[in-house]
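Quick mapping for you: the protein sequence lines, in order, are chains P and U. To convert a position in the first sequence, counted from 1, into my numbering, add 10. To convert a position in the second sequence, counted from 1, into my numbering, add 1266.
Hints in this document: simulated from the structure, not taken from any laboratory. One or more of the hints may lead you astray.
Claimed, not checked - In silico lysine-lysine, BS3-like type, Cα no more than 25 Å apart, as pairs: (1) K1593(U) with K174(P); (2) K1584(U) with K188(P); (3) K121(P) with K1386(U); (4) K1608(U) with K161(P); (5) K188(P) with K1589(U).
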Amino acid sequence: MNIFKKRAPAAEQAAEEGSKTNEKKHATLDIFDFSGENAITVKDVDLYYGEFQALKNINMAMPKYQITAMIGPSGCGKSTLIKTLNRMNDLVEGCRVEGEITIGGLNIYDKGVDLSALRKNVGMVFQKPNPFPMSVYDNIAYGPRTFGIKKKSTLDEIVERSLKQAAMWDELKDRLNKSALGLSGGQQQRLCIARALAVGPQILLMDEPTSALDPISTGKIEELCEELKKDVTIVMVTHNMQQAARISDKTAFFLLGEMIEMGDTEQIFSAPTHPETERYITGRFG
Amino acid sequence: MEKALSEEKTASRKRAKVKPSELFAKILFIVCACLSIVAVFGIIGYILYGSIPAFREIGFFRFLFGTTWQPTHDRFGILPMLVNSLIVTLGAIIIGGTVGVFTAIFLAFWCPDKFHFQYKGKNEFLKKLIAGINKINLRTIFDQIIKVLAGIPSIVYGLFGMEVLVSLFSGGSPIGGKGILTCSVLLAIMILPTVTSLSKNALDAVPEQYFEGALAMGNTKAQAVFRVVVPAARSGIISALILGVGRAVGEAMAVIWVSGNRALFPTGLFSYIRTLTTNIVMEMGYATNIHRSALIATGLVLLVLVLIITLSLNLVPKEFKGKRGDKVLNGDASATYVFRKKGTVCNVCAIFGMVCAGLVAVILLAIILYILISGVGCLTSAFLFGEASVNTPTLGPALLATLELIGITLLIALPVGICAAIYLNEYAKKGSKIVKVIRTFIDALSGVPSIVFGLFGNILFVTALGLGFSVWGGAFTMVLVVLPTVIRSTEEALFAVPMPLREASYGLGASKVRTIFKIVLPSAFPGIATAAILSIGRIIGESAALIFTMGTAFNFSGNPGGAGSSLAVLLYSCANEGLHMNEAYALAVILLLLTLILNLIVYFIQRHVKKKR
Chain P
11 MNIFKKRAPA
21 AEQAAEEGSK
31 TNEKKHATLD
41 IFDFSGENAI
51 TVKDVDLYYG
61 EFQALKNINM
71 AMPKYQITAM
81 IGPSGCGKST
91 LIKTLNRMND
101 LVEGCRVEGE
111 ITIGGLNIYD
121 KGVDLSALRK
131 NVGMVFQKPN
141 PFPMSVYDNI
151 AYGPRTFGIK
161 KKSTLDEIVE
171 RSLKQAAMWD
181 ELKDRLNKSA
191 LGLSGGQQQR
201 LCIARALAVG
211 PQILLMDEPT
221 SALDPISTGK
231 IEELCEELKK
241 DVTIVMVTHN
251 MQQAARISDK
261 TAFFLLGEMI
271 EMGDTEQIFS
281 APTHPETERY
291 ITGRFG
Chain U
1267 MEKALSEEKT
1277 ASRKRAKVKP
1287 SELFAKILFI
1297 VCACLSIVAV
1307 FGIIGYILYG
1317 SIPAFREIGF
1327 FRFLFGTTWQ
1337 PTHDRFGILP
1347 MLVNSLIVTL
1357 GAIIIGGTVG
1367 VFTAIFLAFW
1377 CPDKFHFQYK
1387 GKNEFLKKLI
1397 AGINKINLRT
1407 IFDQIIKVLA
1417 GIPSIVYGLF
1427 GMEVLVSLFS
1437 GGSPIGGKGI
1447 LTCSVLLAIM
1457 ILPTVTSLSK
1467 NALDAVPEQY
1477 FEGALAMGNT
1487 KAQAVFRVVV
1497 PAARSGIISA
1507 LILGVGRAVG
1517 EAMAVIWVSG
1527 NRALFPTGLF
1537 SYIRTLTTNI
1547 VMEMGYATNI
1557 HRSALIATGL
1567 VLLVLVLIIT
1577 LSLNLVPKEF
1587 KGKRGDKVLN
1597 GDASATYVFR
1607 KKGTVCNVCA
1617 IFGMVCAGLV
1627 AVILLAIILY
1637 ILISGVGCLT
1647 SAFLFGEASV
1657 NTPTLGPALL
1667 ATLELIGITL
1677 LIALPVGICA
1687 AIYLNEYAKK
1697 GSKIVKVIRT
1707 FIDALSGVPS
1717 IVFGLFGNIL
1727 FVTALGLGFS
1737 VWGGAFTMVL
1747 VVLPTVIRST
1757 EEALFAVPMP
1767 LREASYGLGA
1777 SKVRTIFKIV
1787 LPSAFPGIAT
1797 AAILSIGRII
1807 GESAALIFTM
1817 GTAFNFSGNP
1827 GGAGSSLAVL
1837 LYSCANEGLH
1847 MNEAYALAVI
1857 LLLLTLILNL
1867 IVYFIQRHVK
1877 KKR
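Generate the whole structure from the sequences, applying the supplied hints.
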């Protein structure tokens, strides 16, 4: 398949080649070692879309089992950055990343990093809920199935556990055969979280997960995040500053492709060191 | 006070009253739109009417379930032919459906816009060659391949099947090679374009977010495509396959020379067979009385079969509605499991898609090369410019007859089709019941097999209206054949005209009809031209609908009231008895070149429109 590429960024090609050699070594997909203090370390990262530089020299660390919020006005690069963390940016034609992003002890932009292994460990929840057009059960069992789990009792167990983890068990246990597209927007988004949890990620990336939802569903997802951070590290992009203030432990402020400031959420919102951060969180621009 | 108000209201109502010319135009548009309904009922009615004598004499069940077809002994049982038609169709959909769907998957997800070959050597020629190859847009090429395959006339497929496939499958034996397998393969090739292009549309319509969602969970690209996107496009793909089935069941001219023509139950892959369609073509020319009625009844069975297939499209559920029953979980809390990287099957499927696409390209190339190589030498000046007689076919009369046929057909079909499209796109409320009904009938009309159109034209125009075998009879029949194409393409073109253009016209006080004729139609002109060219292609390629309406005479006086052969029909009569094979090949070359030229014209019109936007 390598001779025909619909979108052929060099990175993906390199990874695909690498995955062949890596497959034998890491058949279990557990290639990461999360014993360190930080789940993700971003070092000197520049990102280009063709000629345009979308991220400029980003340096930051996301501590384990905490919620890191990324805020900033539209076009500041926060969504771009979150997509580099599981290499979904590889899909964008002409996208080029320089620098190092270390997750669980591995630079994920190294040659030979298995994308499947990376994305299994770094799950993602999108802005718009995207449950597959399948039943609730099949949505959640989807990931485990593609990783080779066939036994019914095992799949049942994973589905039940994931739904409980996403606090949806009581709502959905009698609707497992119903179409996931029939759920409300908020339920769909939490189902997507449950779906991501089913493959056992260490990190969950959330790209404005509540921007398409009503306040009540938003509240439920925020509660869920608080609960989830016992087991997973969460990185969240949000447009809603109150949301960042309410649930995150660390907050990073971005402006025009640069990270202006990062620190404890309390400090960022009460005593930002940078005047631009202050102007943004007090609502003077953005 | 109140009285004054109400008076004012009635006055304004009077002012808002539609002008008679507007009303007349609207009625005209509605009538044209409803013509497809009339046509479908007309066809069913006349075919049914023509079948009644057969049913009365033979008996419905003895006709449908009788196992012997011996017209000379007054035995008319069509069960073997019905079975043959169904088996051949099944074979075609298994082969053509698989290849078509996988080709579509390759085109939608793996086919590159451009090649990215790199060459670092110093050879100038190679450098230029590689640069040239890298400029090729493979997707456009495949798009054209599919369209050309769709445009090649049935009768040319028939010639290809008879000369190439039969000898390919015969294994060297002089009598072998015809029968079920050969028919299935040929029909599979013929339904490829339908299945591929419709499946590709369905795959393209699946939201990108499903694909991204699957990738984000650690799927490989092939896993995401085959486990999420393809199932999400399920309903569209099923519809594509159903339309393929409809096309295969109704095809007559392609299989006539490869079936073997024996009205018996099949006994093996290579047993000689006769299908419902070929039964009509073979015998309609000389049948009288009850025999003729029995053949019309064969057409009725075919028509009902195809209508059921077309209507079953509406039964395909558009989206996933959930599974039946409740799911009860039986989790094993002590289960231990390990996630492993999988996806070999999906990768194999992806490679199979590439192989299928390659196969499609090779098939087209084989057809074109075969026809050109064996046909170019047959383009003698005697055939091209010679005088025709009862025994010597030449190009001149057939060309003249075809041109007259095209002219008359378009003169009727274009205005009617455009008016119908105007009603559907400009007047009718989106999604209203009447639009749904009209659309269903347009779909039904486009699904009617050519040979049934031929029977209908023969009963109504040739016999009942007394036109005899004539260009008139052929043209009136072809109007019905091309009407769905005209309506659909025009409708697409009208739909693409931006709403603000209309609003600007209304804003200046122009009436609806004026807006349509002065603003909307001119902007949609390229689309309407495309509709006309597609129709010309269809008319040039058509044979089954013309044999029994326009006749098969080699001579043509030039008077549309007289009989004459169109190019495709002439090819049929030349090759049918094997007496004029050189002329048949020459005609195949001409038909093929015409198909290619028409496709090119459509391509350039569409590119022009795209550039303008």
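**Study point:** Violating hint indices (sorted, rising)
**Key:** Those not satisfied: there are none.
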